[in-house]
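Could you build all of it, start to finish, from the sequences and the hints given here?
Residue numbers (the working numbering), protein chains in the order written: chain A, 1 to 191; chain B, 192 to 930; chain C, 931 to 1256.
Think of the hints as simulated: they come from the structure by calculation, not from any bench. Be aware that one or more of the hints could be misleading.
[What the hints assert, rightly or not] With a cut-off of at most 30 Å between alpha-carbon atoms, the simulated BS3-like pairs for lysine-lysine come out as follows:
hint : chain 1 : residue 1 : chain 2 : residue 2
1    : B       : 838       : B       : 794
2    : C       : 1073      : B       : 838
3    : B       : 838       : C       : 1224
4    : C       : 1227      : B       : 915
5    : B       : 794       : C       : 1073
6    : B       : 335       : B       : 472
[What the hints assert, rightly or not] Stretches of chain C that chain B covers, calculated by requiring three or more beta carbons in the stretch to come under 8 Å of a beta carbon on chain B:
hint : segment
7    : 1048-1060
8    : 1065-1079
9    : 1156-1169
10   : 1238-1248
These numbers come from a predicted model, not from an experiment. Each residue gets a CB set at the ideal place from its N, CA and C atoms; glycine is no exception.
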Amino acid sequence: MRPSGLIHLFVNGEQHALAVPAQRTLLEALRYDLGLTGSKQGCDKGDCGACTVLARARGTTGRGEAILSCITLAHDAQDLEITTIEGLSGPEGLDPVQRAFADCGALQCGFCQPGMMLSARALLDKNPSPTLPQIQDALSGNLCRCTGYTKIYEAVQVAAGLRAPAQRAPVQSERAAASDSKAQAVKEIVP
Amino acid sequence: MSIGARFPKSDGAAKADGSGVYADDIALPRMLHAKILRSPHAHARVRAIDVSAAEAFPGVVATLVGAELPAKYGVIPWTQDENALAVEKVRHVGDAVACVAALDERTAEDALRLIRVDYEVLPAVLTPEDALEHPEIKVNEKAKVGNITKHVNLQFGDVDAAVAEAAAVAHETYRYAGSTHVPIEPHCAVGRMDPDGNLTVWSSTQIPHYVQRELSRVLGVPQSKVRVIQPLLGGAFGGKSDPFALEFCVAKLSMKTGRPVKILYTREEVFYAHRGRHPMKMDVTVALDGDGRISAVDNKILIDGGAYASFGLVTAYYAGQLLTGPYRFGTYRFDSYRMYTNKPPCGPKRGHGSVQPRFALEVALDEAAGKLGIDPVEVRRRNFIGEFVETVNGQKITSNGFLKCLELVEKASGWKERHGKLGRGRGLGVAGSMYISGTAYPVYPNEMPQSGVLVKLDRSGRVVIYSGASDIGQGVNTLLCQIAAEEMHCDPREVTVVAADTDLTPVDMGAYSSRVTFMVGLAAREACQKLSAKLRAAGGETFAEACQRAEAAEGAPLAATGGYRTQKLGGDYRGGTIGASPAYSFTAHVAEVSVDEETGIWKVERIWAAHDCGKALNPTLVEGQIEGSVYMGAAEAQMEEMVYNEKGLLFGPSLLDYRIPTSLDTPDLDSYIVESNDPGGPYGAKEAGEGPLHPAIPAIANALHDACGIRIRELPFYPQRILKLLRERDGRTEERAAS
Amino acid sequence: MMTLPDLSVLHPASVAEAVEALRANPGARLLAGGTDIVPNLKYGMYETRQLVALRGLSGELRYLREDASGDLRLGALCSIDELAGSAVVQARLPALAEACGQIAGPQLRRMGTLGGNLCLDTRCVYINQSYFWRSALGFCLKKDGTVCHVVAGGQRCVAAASNDTAPVLLTLDATVRTVSPRGERWMPLREFYVADGIHNTVLEPDELLTEVRIPAAATRRKQAFAKLRTRAAIDFPAMNLAVALELDGNALKSVSLAVSALAARPALIKGLEDLHGRPADTRLAEELGRRAHKQCKPLTNIGVDPEWRRDILPVLVRRTVLRALG
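What follows is the structure, given as structure tokens:
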């Protein structure tokens, strides 16, 4: 058995030694001990998905699957390789998912989106050409309050190369004839 | 052309790679963490607070009680009725009582349990009806009469005569449940008092300027020494447009300790801070003449306000004032009471004040039209108020693309072929709405511009725009880049926006009332046009060269300012300016629903939404606002409600129990932009962030009627309510069959 | 943020070590996926300060195999997600695959385990709340209080069994293996749950559920699962049910029907033997709905209208039975 005390976390390909108490969540360790503030806290108890990170067992390949860091204990994450939003992009620039989210207007306030983009990345790693229902299902644990999800689906499809960004043109309204203003003529105010 | 382009958001990359800084991402040296003790009672007198044990707790650095911040605050100058921490009374479960700053959150939280509060529990009023019936139980001493925050009674024309002569009248009671914003980012603030007496507060606010004013007043620090900075904001929707307890607490505790202090609300605390949609009970009468024209609308509105005023004075007006388009009313009357109750305060949620009565009106209109056998789309078309007209309550409508909106959703949904013909359990419904593009009136009276923008040119060709406006995710910073590029022919990617920092940026009133695109847009355009003239005069091969030549000609660095100057608008009567806007947006929706008639479980299948935003400065951003609005409206129809127990305790203040739709619960959304090119707006633009929410709810209610012949008049449209109505319908059918 | 109480976490590497850790640390609780216990700890629902983490037991307890007798053996640390996606589960235990596919949301299904779901603590709108909230309420029977807010005057906690796998496995006659310092025991899942919301299983504090076994015969039953919930993801059940039927030609040979998210124990609908021999048709499905309606009384422990839930139960039962029959 391992004693509690100094722990090792493997995040974005880097190994960190941390002295944190056993009640430290992985999210707290990422945000406040490692300065990886891209992982967000929205509900702090596994209800919203903002804290989503990717995890895989150490020694395995790929980026892993989406888990919730706010209800994972840092001490219990030592056997995992973690990828956070900061680990998606590199010197070569943004990941195609990140690029597409930015280009398609999927990012409004942006707060839920690190978790959303990681869920999307995990989906595309497993299934490079997902259908819309598959995308909707894969993102159903990440709550977004800004977008109505529509542009998020679009971004995932654009990242997967399944479509181009939306281009529907605005429609011009004709100048409508001003309607008769008889009814507006008399106003009675009774405060 | 930069205006009208689908330009990616200027902060998109920082939001995409996780490097963007939100309030809780700020960590300062020696920063303390504070927690707020909250009232377990809905209404109680605070006889005494003993913080000595908490102060003695190892790791605690300071405590704070209400007596140290006695000045009352509130966003509306006439109804300042809040204290950061309870001074004499607590008025709702979750009301703030005391605060502890410690080395870490856990220590602060542990110390809270050591604070002894001596409460004298008082009787509480939990409904607006009770609040009216029991004026002797005074929720908030600010109320002049009983528990009334505000009473508005306005009449335009002889409503009773019009109703008496009507060909068809719908008269029903509608109930709108309270809901809340649920930004995914919980409120957070960091305060730092410098040794030289300058106070800085970083806050997840959408009104930095108001927060600055109120901090100054409550803390007794000159406004010139208070700096409020809004970092990236993780959603707001009106939920961050009041000053909140945490901002005062971090500031005061920083003054007491000489150290930076942070407070991050838990999700539960966000629910108690609330300011969400007001529950309303609306007795609505809609009268149509023989041609199906609206001859009268009469609305008696009872508004459940919660413990504090917040924007409640405005709510009481908006509930009536914003209803008078896109249809022409022959006569109109509304009588609204906004009541204090012992619950978390309601405030402005996206579509402030008018979402509830809009639901009632649009359903009542269908009910009345049904009596005359007029198609729902047709009755809306027939009552179109027109462009450049005055409404019955004296508001000046300029551009109006509502007919085009209606036509688009009618076509896209296949209305003519499908409405009334989809068979049992499936139906279409339509609704329309209008909304303001900012208010003609600043919330505190003054003659200064509501929006100011400063643009500076660098000889490198870099443009810096200083704007007080809050980008709350809607993308105003991106619009500023586009406006600069449009006017000065620079690359929008070479524009830096410095925003929402009261030391660095000119004043903007904040991101509320859908005012930002219109007012900040005009201010920015004015500043950029001034510089553009100088750049054109100077000439040059490249933008940088033009900047250099212009600067040489000027003999000084190049900068210019622009402002949005408040226009005098509105009816000539008390309250006539409230709801008066320089331009109104218009929206039409068609919703399609399916209903499982055996269980009452139903689904919004799809919503077609067309919105007249005047001119889409950035269609991608406008679509995002339409889609987000429609989603939020549909969510309120489907599932959202703030439910309290008999002691005023909010059930399930969490994202598990207060359910907001997941991707799987959100209908297919089809957004259409209509451009009516408003003569007053920047490049013709009007608002897009709130208007498109309104029709979603009545369109869904009307679709439920088309699907199965029931009229649901109470939100949310819980399946049990649907099932009950279905059984009543079947009972009626059986009675008819029997007779 | 919400803060967790001081904890210490043990990381055993085997079942034997885990059992020893439980023995040596009375009051310790198990941490598998953490999806239930961590939020509950943040809410101050447990006095536990010692956790025994089971991640190190994955090699031992994460498996799905068929034994010589054709019975299916599922290790307790199988993730919900892998059960939902497993071809074997989909083919032989389709109701379990359905149930697993409808638990919570994608991330929680990856973290959560079969053992964790079967041992999921009961839930109630009055208990799964913060300490502050519960203090404002005046606490309740399950923790820190003496009053039940669901049943007036109630003396026994009726917090709801909210596991989606339980009703399915009950109808499939599953048995579970548990290990404690006193050794190993096997018991039918039907004997695993008790009607006490404070602790709704027969597990001793130092006992660990390690395996679920589904008899080969049960995998041949016609089966289906249904879950009522407000949202199509994330939500716990507002009500759930599972049915398993054996036919002889078109005649019913046996039927098992379980309904849960009612009170502390998943309900197996009783007295269905008289239906044996009846044609397996819509009338049978309706009759099963009537029986369920008679025996099930949803409560206000779950924040979805109990009267409505009871009202529509017969419809849900009928449809689920017909779906099982194909």
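Evaluated hints:
1. The straight-line distance between the Cα atoms of residue 838(B) and residue 794(B) is roughly 33 Å, outside the 30 Å bound, and the hint therefore fails.
2. About 20 Å separates the Cα atoms of residue 1073(C) and residue 838(B), which keeps this hinted pair within 30 Å; it holds.
3. Proposed proximity of residue 838(B) and residue 1224(C) is contradicted: the alpha carbons are some 34 Å apart, above 30 Å.
4. Restraint check for residue 1227(C) and residue 915(B): the C-alpha separation of about 19 Å stays at or below 30 Å, so the hint holds.
5. Between residue 794(B) and residue 1073(C) the CA atoms are separated by roughly 38 Å; this puts the pair beyond 30 Å, and the hint is violated.
6. As the CA atoms of residue 335(B) and residue 472(B) are separated by approximately 22 Å, the hinted pair is consistent with the 30 Å bound.
7. Closer than 8 Å: that is the beta-carbon criterion, and the segment 1048-1060 of chain C has 4 residues meeting it against chain B, so the requirement of 3 holds.
8. Residue count for the segment 1065-1079 of chain C with a Cβ under 8 Å from a Cβ of chain B: 3. That meets the three needed, and the coverage hint holds.
9. Check on the segment 1156-1169 of chain C: 7 of its residues sit with their Cβ under 8 Å from a Cβ of chain B, so the three-residue criterion for coverage holds.
10. A stretch counts as covered by a chain when three or more of its residues have a beta carbon under 8 Å from one of that chain; for the segment 1238-1248 of chain C and chain B the count is 5, and the coverage holds.
Hints 1, 3, 5 from the earlier list are contradicted by this structure; the remaining hints agree with it.
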